[in-house]
Every structure is written in C-alpha cells, then in structure tokens.
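Kindly generate the complete structure, drawing on both the sequences and the hints.
Residue-level listing of the chains:
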Amino acid sequence: MIAFWIVALFALVGALVVVLHRNPVYSALGLVLTLFQVAVLFALLDAPLLALLQVMVYAGAIVVLFLFVIMLLSLEPEKRLAAPFPVAVAGLVLAATLGFGLVVSGTLPLRSGVPSRLPADFGSPESLATNLFTKHQLPFELTSVLLLVAVVGAVVLARRRS
Amino acid sequence: MEPYAALMASFVLCGIVAAVMVCASWILGPKNPTPTKLEIFETGNPPMGSLRGMRFPVKFYLVAIFFVVFDVEVVFLYPWALIFRQLGWAGLVEMAIFMAILGAGLAYVWQVGALEWD
Amino acid sequence: MDLAGLPPEYPLGLAAALFAIGAFGVVFRRSVIVVLMCIELMLNAVNITFVAFGRELGDMAGQVMVFFVMTVAAAEVAVGLAILLVAFSRRKTLDGDEFASLRG
Amino acid sequence: MEVFFSLAKIVVAFVIILQLTLLLLWVERKGSALIQDRVGANRANLFGGLLPFNLGIVNTWMADPLKLFHKEDIVPTEADHFLHWLAPFVAIVPLFVTFAVIPFGDVLRVGGYTIDLVAAPIPASVLFVLAMASLAVYGVVIGGWASNSRYSFLGGVRGTAQMISYELALSLSIVSVVLTFGTFDLQEIARAQGQLIWGVIPAWGVFYQPVALILLFIAGMAESKRAPFDLPEAESEIVAGFFTEYSGSKLSVFMMADFVEIGIVAALVTTLFFGGWQVPWLGREGFQFPGGFAIALPSLVVTLLQFVAFLVKLFVFCWLQILVRWSLPRMRYDHLMAFGWKRLLPLGLVNVGLTAVLVLLFDGWTVK
Numbered sequence: 001m002i003a004f005w006i007v008a009l010f011a012l013v014g015a016l017v018v019v020l021h022r023n024p025v026y027s028a029l030g031l032v033l034t035l036f037q038v039a040v041l042f043a044l045l046d047a048p049l050l051a052l053l054q055v056m057v058y059a060g061a062i063v064v065l066f067l068f069v070i071m072l073l074s075l076e077p078e079k080r081l082a083a084p085f086p087v088a089v090a091g092l093v094l095a096a097t098l099g100f101g102l103v104v105s106g107t108l109p110l111r112s113g114v115p116s117r118l119p120a121d122f123g124s125p126e127s128l129a130t131n132l133f134t135k136h137q138l139p140f141e142l143t144s145v146l147l148l149v150a151v152v153g154a155v156v157l158a159r160r161r162s
Numbered sequence: 163m164e165p166y167a168a169l170m171a172s173f174v175l176c177g178i179v180a181a182v183m184v185c186a187s188w189i190l191g192p193k194n195p196t197p198t199k200l201e202i203f204e205t206g207n208p209p210m211g212s213l214r215g216m217r218f219p220v221k222f223y224l225v226a227i228f229f230v231v232f233d234v235e236v237v238f239l240y241p242w243a244l245i246f247r248q249l250g251w252a253g254l255v256e257m258a259i260f261m262a263i264l265g266a267g268l269a270y271v272w273q274v275g276a277l278e279w280d
Numbered sequence: 281m282d283l284a285g286l287p288p289e290y291p292l293g294l295a296a297a298l299f300a301i302g303a304f305g306v307v308f309r310r311s312v313i314v315v316l317m318c319i320e321l322m323l324n325a326v327n328i329t330f331v332a333f334g335r336e337l338g339d340m341a342g343q344v345m346v347f348f349v350m351t352v353a354a355a356e357v358a359v360g361l362a363i364l365l366v367a368f369s370r371r372k373t374l375d376g377d378e379f380a381s382l383r384g
Numbered sequence: 385m386e387v388f389f390s391l392a393k394i395v396v397a398f399v400i401i402l403q404l405t406l407l408l409l410w411v412e413r414k415g416s417a418l419i420q421d422r423v424g425a426n427r428a429n430l431f432g433g434l435l436p437f438n439l440g441i442v443n444t445w446m447a448d449p450l451k452l453f454h455k456e457d458i459v460p461t462e463a464d465h466f467l468h469w470l471a472p473f474v475a476i477v478p479l480f481v482t483f484a485v486i487p488f489g490d491v492l493r494v495g496g497y498t499i500d501l502v503a504a505p506i507p508a509s510v511l512f513v514l515a516m517a518s519l520a521v522y523g524v525v526i527g528g529w530a531s532n533s534r535y536s537f538l539g540g541v542r543g544t545a546q547m548i549s550y551e552l553a554l555s556l557s558i559v560s561v562v563l564t565f566g567t568f569d570l571q572e573i574a575r576a577q578g579q580l581i582w583g584v585i586p587a588w589g590v591f592y593q594p595v596a597l598i599l600l601f602i603a604g605m606a607e608s609k610r611a612p613f614d615l616p617e618a619e620s621e622i623v624a625g626f627f628t629e630y631s632g633s634k635l636s637v638f639m640m641a642d643f644v645e646i647g648i649v650a651a652l653v654t655t656l657f658f659g660g661w662q663v664p665w666l667g668r669e670g671f672q673f674p675g676g677f678a679i680a681l682p683s684l685v686v687t688l689l690q691f692v693a694f695l696v697k698l699f700v701f702c703w704l705q706i707l708v709r710w711s712l713p714r715m716r717y718d719h720l721m722a723f724g725w726k727r728l729l730p731l732g733l734v735n736v737g738l739t740a741v742l743v744l745l746f747d748g749w750t751v752k
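Residue numbers (the numbering used here), protein chains in the order written: chain A, 1 to 162; chain B, 163 to 280; chain C, 281 to 384; chain D, 385 to 752.
You can trust all of the hints, since none of them are fake.
Below are the BS3-like pairs computed for lysine-lysine, each with C-alpha atoms no more than 30 Å apart in a straight line:
#: 1; chain 1: D; residue 1: K455; chain 2: D; residue 2: K414
#: 2; chain 1: D; residue 1: K414; chain 2: D; residue 2: K451
#: 3; chain 1: D; residue 1: K726; chain 2: B; residue 2: K221
#: 4; chain 1: B; residue 1: K193; chain 2: D; residue 2: K451
#: 5; chain 1: D; residue 1: K455; chain 2: B; residue 2: K193
Keep in mind the hints are simulated off the structure, nothing from the lab.
The structure is reproduced here in structure tokens:
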C-alpha cells in the first residue's frame, strides 16, 4: 500500500511536469518518470512482464525518440506556454469532468461472478504469452501490418522533406 | 524478502551511493569559479554563439524511428520465445508471417537507401 | 509487502487522474510535441485500467491488450513525429494553432 | 534472518561491481601499457615504496578516485544546471542495479537455510537487464544536451544513435538464447548449463548459440561505447564527447559507467554462454567426472568454488574487451551504422529463425 502511494505521487508529479513545464526536454523527462512509475504499478498488479516491456518500449524507445526530435530541432523553451485563457479554462473543466466521471465509474461495484481467488500462475509471463499467441493471433498479425505502415510512412514523410 | 522488495532495496542502495559519488567533488573539492572556467569548452576559443538553432540531418531521426518500430517487433519475440516449445509448428508459422511482413518493411527501408550514411 | 490486498479502486483512481491530466494537456498546450506526450500519458492511463480490471476479473486478455496499445503507441509516435518534422521544416514552429491552415 | 540474507546478497552484488570497476581501471591502464610497450601507472605505492616492485595498483584503486573526488566541480554558466547534475546519476544507477539480478553462485547452505545466490531473484531477469540497458541511453542524451556545448551535443547524438542501433542486435541475440533455454530467469539458465552433452561436454550456451555469442559480444561492446565503437567520445574529433563539460567526481562517474557496462557485458556473456557460476562437472555434492570418477566436497566448498569460477570468467571476458579496445582502430560512423543495421540485425533475425526450426526438429538438441 505504501508502495502504491509512492508510485502514485511520483506518477502525478511526472504528469504535471509534462503538462506544465515550459521546456520540452523537461516534459519528456517528466514523461519518463511517469512511465517508470506505471511500470512499477504493473509489477504491483501481477504484470511483471508488462512492467519490463513498458520500461523497454516506452522509456527505452519512445521517449528517446521524443528527446531526439526535441534536441535535434533544438526547440527553445516556449515563451507562450498555453492556449488563451478561455481555452485553458475549458480544458480544466473538461479534465475535471473526465476525471470525476472516470473515478465514479471506476469505483462502481464490479459485476458479480468475479473469481475471488486468482489462479496461482496469474500474470506470469508464460500465461500472458500463451494467451497472446493462442487467443489473439489475428490482432497480433495485424500489428505487424501496422508497424509496416508506420515505418513506410515515416520514410516517405522524411524523404519528402529533404 | 520478496524479490521485488530486494530489487527496490538495490535501487535505493545504488541510488544513494551514486548520489554520493556525483556530489563528492561538490562537497570535497575547492570552489573557485572564474568566468573563463565557466565558459563552454571550444578548444580554447571563445564559444561562438549559441548551440540552439543547430540542426541535424534527417538520418538521425530516421534511425530513431526505425529503432522504435523494430524494438516493438522484438518485444513480441520475447513471450513467443518463452513458450515456443508449447506452441510448436503453429507458433513458428505465426511468427514467420509476422516477421515476413516486418521483414518487408526492413527490405523497403534498405531498398530506398534510408539506411545509407553517405 | 502484501500486494494481493491492493484493491482495484486505487490504480483506477490513479489512471483517472493521469487521463485527466493528459486530456487537459492536449487542450492546454500549444506545442504539438508536448500534445503528443500528453496522448502517451492518456494511453498509459488506459493501460493501467486494462491491467487493473484484468486482474480483478482474472482475465489475461487485459494484459494482452496493453501489448497492443504499446504497439499502437509506438506506431503513432513514429508517424506523428515524422509528420511533425515535415511541418516544422515548412513552418519553423511547433505551435499547433499555426497548423490550422495546413489543410488543402 | 531472511531479510538479513537478502540485504547481504544485495551488498555482495554491489561490492562485486564496485571492486570490479576499480580493478578494471587498473587493468586497463596497466594492460594498455603492456600492449603499447610502456610502463604505465607506477607512481603511488603501498608502504612508501618499500616493496621492490610497483604495479601501480594503488593508483587506480585509491589514488585516482580520491584525486578526482577532490577536484573542483565545474558547471558551465550556460549549461542547464539541474540536468547537468542529473545526467551522471541517471547514467550509473540502472547499470549498478543490473548486477542485482546476475546470479553469482548456486545455493549457499548455512544453518538450515538454503540461499539462492542472486541478489534479487525476479522471474524475468534477462529482460530486466535489457530494460536497464535501454535506460543507459539517458545519461548520454541528457549529459550531451545539458552541457550546451557543441562537442557534448555531437557526442550525445552520436552516442544515442549508436546505442539504439546496436540494442536491436543485443535483443535478438537474447531472444535466441531464450528460445534455447525456454526461460527468462538467468539463474535457471545458469542451472540448465550444468547438464552434460553426451555425458561429457558441459552444456554451455556457447555450444548451442555461437552466433548469438558473437552478436551479444559485438553489440555489447558497441553499447558500452568503447573502441572500436568509441565515436561518442572520440578524442581526436570531438574532445571527449558527451562528458566534455564534466569535471571531478561527475566525470569519474561517467567513466565508471563505461567500466560497469564492460562488467555487465562480461556477466551476460558468462551467464548466458559460459555456464555462469558453473564449474565443469561440479555438482552440488562434488565433482562428478565422466567415467564414474567422483570427488565428494562439502557444500560450502562447492559454493566457494562456483563463486570463484564466476569471478574468474567475469574477469576473463572483461579482459577480452579491454584487449579488443586496445587492438582495433575506431570505425567510421557510416560503417558503424551500416554494420549495425545491415549486418548484425539481419544476422540476428536469421539466427532466431534458425534456432526456432532447430528447436522444433531436434528438441533434444537443446537444453530442457
């Protein structure tokens, strides 16, 4: 429980840094902090494999790409941080509504018929892998198409620029 | 002790030692800053202008983008490798299709010369 | 550290908060790159709910979905940043409002 | 008591890596001198020079770090101060932690307790090593950017591109090892290598995965940014790369990170391909030579032998990397990238496919 509160605290701090810091490099580092805490949370929630892959994919690859782009474009810290005032207020209201709604729906009693005890190997890497490769073959194969499109798209866009 | 608790303890220990090592000079060393010392090193010349505004060739971004895509591909390989014996030939075919599609991506990237660093 | 006792409400609450912060950032920030980061935040909030509910329902499909969300996030970032590079080289800015005239 | 053992293991793992780092510093200075026919470090001596010979070991063991720690800490005015401090910290912590999951022995039996000799026995330790290795990029990126200097920035960008390129080859080599052993657990992999092929040869990973060994070794050296892959810190081109603007203990932390990376690559090579702590034909009860000849040994002796074997193997592979560094010239950057993407990546993919087919065709071919 203490572990959860520490995780939650750092995750929220990281998220606020992402949203509020003027310097995009700090935003990216705040994102790393949050993502790392989410990984720890996964480990707490019986998903050890996802925790490690989260660090590898998000922290190790995606945010590195962000940092790379920020640094190579040598972006300045923004002078005008935010949208005009009404938009900011609208955003705040939207966020508050969303957050409130999600909290309410999240804390509603879950439907009955839930197994009260998890199987012993729940969340083990083996069970995740078995589920992925025996019950979700089609999404898995489609993923490769998605990645193919992404790589081709990136190349086409980047080459058009030069 | 739980393995994860041990890991956390390890993080804490390493973090403390690393912090002490990083700060050692600041604590132990002399503090005698002069304007020249605090300048950025450019082989003895006065630094010319700011770094900000310097631009880089597009190849660097492309490498990072390819890395993200192929890293995700490898991420799918780990669980597959773990239970490969249970999956048998079906698993091999499954992964072969996946790899073939991504292999086409690699071939395309190679073909258009996005991997060249002339 | 008895983690079995972590009730799902706590991670779900955290996910809601992260999602709200992310959504706020998408509306609030001008810089497109930060907006992309905020979208990552929101995706992560969704991932947390997947894992938390999957654990509560004893169903591994929740974790499998996180796998796919990660893939989609990676593809989205790759293409998104490539678009951003093109846009930056044309406009010399990353201000989202300036891209309003990009269509056509 | 359990907690005490756990903490003791963590400290042992940490002391191994700290001492290894300092020892490697000495080996590198003395070793490079040997290779280049110089004398090398020979100033500071124990007992005021009373010893007839001087290996200079005190230089690097104590004098070098102490001297660096007493230097002035300089942060350039134009640098981003917070990130300038953060970078060395971020560079070294994930690398230090990695050693917590490396098994350094089988089991230790003391007073009714059976202790698994790995500091943090998490189930997916191979992936943990990879995840931490992928975080090592941040030290380079942040250090290069925060200094706000051209040389640092160039070094940082080069370093990042290089590290992410070779990470793929590294991951693929580990995928084929996982295929062979069918587990993510380094300790289980090490234990599986205690079996014998045809009752004679120890079933070490190198006999199953020679290609993966080469991939891992090359990619690991590229990850640790050392010659022939030392472009991020190429002295003749960009001064010192991403740590140009660092001094004193922060500089020493960056240099230490390099040596810790050498240690991690050596530990991975040892654990995945050379049996980890395994001594050939040594089981928990003692030696069992092929042919029926056996020597019974007490459990404590066995554990000690295994621990020493692990350290010796670790050290041999560290030395091998230092040898390569001082033997080969630096690669050109385009060659470096082409080698990573056009040679190692396809080779890794082919190796994975081949391993999968072989595993299916001859299941007895692999350990399990």
